[in-house]
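Trainee: Protein chains in written order, with the numbering used here: chain G, 1 to 197; chain D, 1 to 278.
No lab work stands behind these hints, which were simulated from the structure alone.
It is possible that part of the hints are untrue.
[Stated by the list, open to error] Computed far set for chain D versus chain G, every beta-carbon distance over 10 Å:
(1) THR34
(2) ILE45
(3) ALA90
(4) ASN93
(5) VAL95
(6) ASN126
(7) PHE168
(8) GLU211
(9) ILE222
(10) GLU252
[Said to hold, decoys possible] Partial pick of chain G residues on the chain D-facing surface, computed with a CB cut under 7 Å:
(11) SER102
(12) SER106
(13) ASP164
(14) MET167
(15) GLU169
Even for Gly, the Cβ is constructed at its ideal location relative to N, Cα and C.
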Amino acid sequence: MALDNRIKQRWAQSKILLLGGSAGSFKLLFKLVKLLPENFDKTVIIIIHRKKNFFSEIEKLFAENSRMCLREISDKEPIQGNTIYIAPANYHSLVENEGFFSLDVSEAVWYSKPSIDVTFESVAEVYKERVTAVLFSGANQDGAEGLLKLRQNGALTIAQDPQDAEMAEMPQSAINIHAAEYILRTIEIFELLGNKN
Amino acid sequence: MKGLVTKDTITSVQLNELIDIVKKIHGFDFSDYTEASFKRRLGRIMMLKKLDFYDLKHVLINDHGFFQEFLEEITVNVTEMFRDPTFYKALKNEVVPYLSTYQHVKVWCAGCSSGEEVYSLAILLNEEKLGKKSYIYGTDINTEVLNEARKGIYSLRKIKSYSENYLFTGLPGSLTNHFTIMYDAGAIRSELKQNTLFSVHNLISDTGFNEFQMITCRNVFIYFETELQYKILDLFYKSLCPLGYLCLGNKETIRSDVFRKKFKVINQKENIYQKIGS
C-alpha cells in the first residue's frame with residue numbers, strides 16, 4: 001500500500017511528533033531516531049515505559065546515534081524544534097500552554113510512570129492538530145485513550161499494525177477504541193517519518 | 001488499574017474561576033501552580049467524587065467540610081522512601097562530611113507529604129552517626145498527610161518497594177532493620193522518630209521559622225510556575241545558614257542567573273546546591 005498524499009501532507013504540517021511504546025518498541029524507536037534527518041524542524045517527544053532505578057543508557061545510546069539534539073525532559077524546559085525529548089523514568093511528562101514541559105510525580109497510570117496516556121492527553125490539549133502521534137508495540141493499554149484524545153483534537157494518529165508489533169496489545173487497544181486514524185505497517189511508518197515532507 | 005482518564009477536562013477559564021473561589025473563600029492561593037498538572041488533579045477529583053465542573057464549584061462554595069478533602073486530593077502525595085537512591089549516595093559522600101562538622105544539624109524537609117523522605121534522611125544521618133545531633137523538621141500544606149507522617153507506619157507492600165530503593169543506596173543492612181514490623185505494616189523505630197517534628201507550613205504564604213544547615217524540597221517545584229519558584233528559593237536562601245545545603249528534585253534545576261549566583265552547584269545531576277554570598 002502506498003501512502004496517500006493526505007497523510008503525507010498532514011505529517012509535513014505537524015510541529016510535534018509523538019512516539020509512544022513499551023515492550024518490543026525499543027529497537028524500532030532506536031532505528032527511527034537514527035533515521036530522522038538533520039535540520040528537522042519538528043519537536044520529537046518519546047515516551048517509552050521504563051523502570052526507575054535501573055540507570056538506563058537510553059539517552060546516551062539514542063544521542064550517539066541521532067543527528068538531532070537529544071535531551072531527557074527536565075522541569076520547565078522550553079520545547080524547541082529540531083530536538084528529541086525523552087520522558088524521564090518515575091515522572092509523568094506534561095506540556096504547558098506557554099511552550100515548556102512540566103513534570104509530575106503523581107500516581108502511575110496503567111502501572112506506568114511515565115505514562116503514554118498522560119503525555120498524549122496533555123499534548124492534545126495544547127498542540128491540537130499540529131501533532132503526529134504513533135503508538136508502537138506494548139503489552140498493556142497505556143496510550144490508547146491518549147491517542148483517542150489526540151484524534152479528537154485533530155491530530156494525525158497512527159497505530160503500528162498489530163501484525164508487525166512484537167506485542168500487539170498496545171496498538172490493538174488503540175484500534176479497538178478507534179483512536180488510530182491510520183494503521184500502518186512498520187515499513188510504512190518509517191517511509192512516512194523518514195521523509196521531511 | 002484504570003488510567004486517570006478524564007472525559008471532560010476543564011478549560012483554562014474554568015480553572016481560573018475555581019482558583020479564584022478557593023482563594024477568596026478558603027484563603028489558599030493556587031494561581032501560580034503549573035496549569036497542566038493542576039488541571040489533571042481537578043479532573044481526578046471530579047472523577048473520584050463524581051462531580052462535573054458546576055457541582056465542584058457549588059461544593060467548594062457551600063460545603064466547607066469538602067475543602068479539606070479537596071486539599072488532600074489536589075496536592076500530589078505520592079512519595080517513596082529513598083526515592084532516587086543516587087541522591088542519597090551523593091548526600092552521603094558530598095554533604096554529610098560537611099554536616100558532621102556542625103554541633104547541631106537542623107534539616108528542613110519542605111513538602112514532606114506522608115513523611116517518607118524525612119525518615120529516609122533520619123536513617124541516613126543515623127547510619128552516618130549524626131543521629132543524636134540532628135533534628136529534622138517536616139512541613140506540608142496538608143494536615144491529613146502530616147498525621148500519617150507522625151505515625152510513621154507504612155504498609156508492608158510499600159516497605160517492600162522502598163527496600164529496593166534502599167539496596168541501591170549502598171547503605172548497610174536492609175531497610176527493615178529500621179522498622180518494627182507487625183502484621184501487615186511496619187513502624188519506623190522510635191529512636192529515628194525522636195528527632196523529627198512535623199508541622200503545617202504553606203510555602204506560598206508562610207515565612208521562614210528557623211535557620212537550617214540543610215533544606216530538602218524535592219519534587220515540589222515541578223508543580224509551581226517559575227516566578228513562584230523564585231519566591232520560595234528566596235525563602236530557602238534566607239532560611240539557610242552560610243554555606244548551608246539546598247537539595248531539589250533531580251529534574252528541578254535552578255535556571256535563574258540571579259539564584260545561580262547565590263547557590264553554588266555541588267552535584268549537578270542530583271541538583272544539590274550550597275548557599276554562597278550573603
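Trainee: Flag every earlier hint the structure violates by its number, smallest first.
Mentor: Hint check: 1, 7, 9, 10, 13, 14 and 15 fail, others pass.
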